[in-house]
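Using the sequences and the accompanying hints, generate a full structural model.
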Amino acid sequence: MKQLREPSLTTSLQPDPSEERGARPSGQLSLWQLNLLRVGYLVMGVGLAVIKWPLLFNHELWGLAEGTKECLLMAMSVLALLGIRYPQRMLPILLFEVSWKLLWLGVVALPLWSDNQLEGATRTQAGTVLWVVIIIAVIPWRHVLAQYVMAPGEPWRRSR
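Numbering (this note's numbering), first residue to last: 90 to 249.
Straight-line alpha carbon distances no greater than 25 Å define the calculated SDA-like cross-link-like pairs of lysine to any residue that follow: (1) Lys158 with Trp202; (2) Lys158 with Ala210; (3) Lys141 with Met163; (4) Lys190 with Trp230; (5) Lys190 with Glu159; (6) Lys158 with Val187; (7) Lys190 with Val233; (8) Lys141 with Leu219; (9) Lys190 with Gln206; (10) Lys141 with Trp151.
Now the in silico label distances, taken between C-beta atoms and shown as ranges: (11) Leu153 with Leu123: 37 to 45 Å; (12) Leu123 with Leu219: 21 to 29 Å; (13) Val233 with Leu201: 26 to 34 Å; (14) Asn205 with Leu234: 35 to 43 Å; (15) Gly209 with Gly242: 39 to 47 Å; (16) Leu201 with Arg247: 48 to 56 Å; (17) Gly195 with Trp230: 15 to 23 Å; (18) Arg249 with Ala138: 42 to 50 Å; (19) Gln236 with Gln206: 34 to 42 Å; (20) Arg249 with Val222: 48 to 56 Å; (21) Thr217 with Arg246: 40 to 48 Å.
Note that these hints are calculated values from the structure, not bench results. By construction, the Cβ of each residue, glycine as well, lies at the ideal position given by its N, Cα and C atoms.
What follows is the structure, encoded as structure tokens:
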């Protein structure tokens, strides 16, 4: 069992020897992983900003479904751009992006493709959604598994 030591003024001012050797605290990603995540946020954030932000200022009246979709995607672009600064904290945004796109591909595109009926706007949308492979490639999946699946959950109520 690992012993916990009481921090003192002298020890808190001295650097941790494990940090000097390049070790990182549990749950922390390496610099190359953080920078790879930044690439994913950049692709997602800038891509959506270029395509969706102009619609905010120049569009016809949107119906409920279209307005909801466009506003959601604009908000996602802002959050993805925030992920460039905070790549590890904003990881759930990338997980959401991967989740909805894989769900759409499996539920909408795959059945049409298997029936040889993937055409028109749905085929175009499938091509756009397949860009998710970039996001899938930059996500540190071992970290996701350790932090979001295997780690104990937060308490449901305060202990007395």
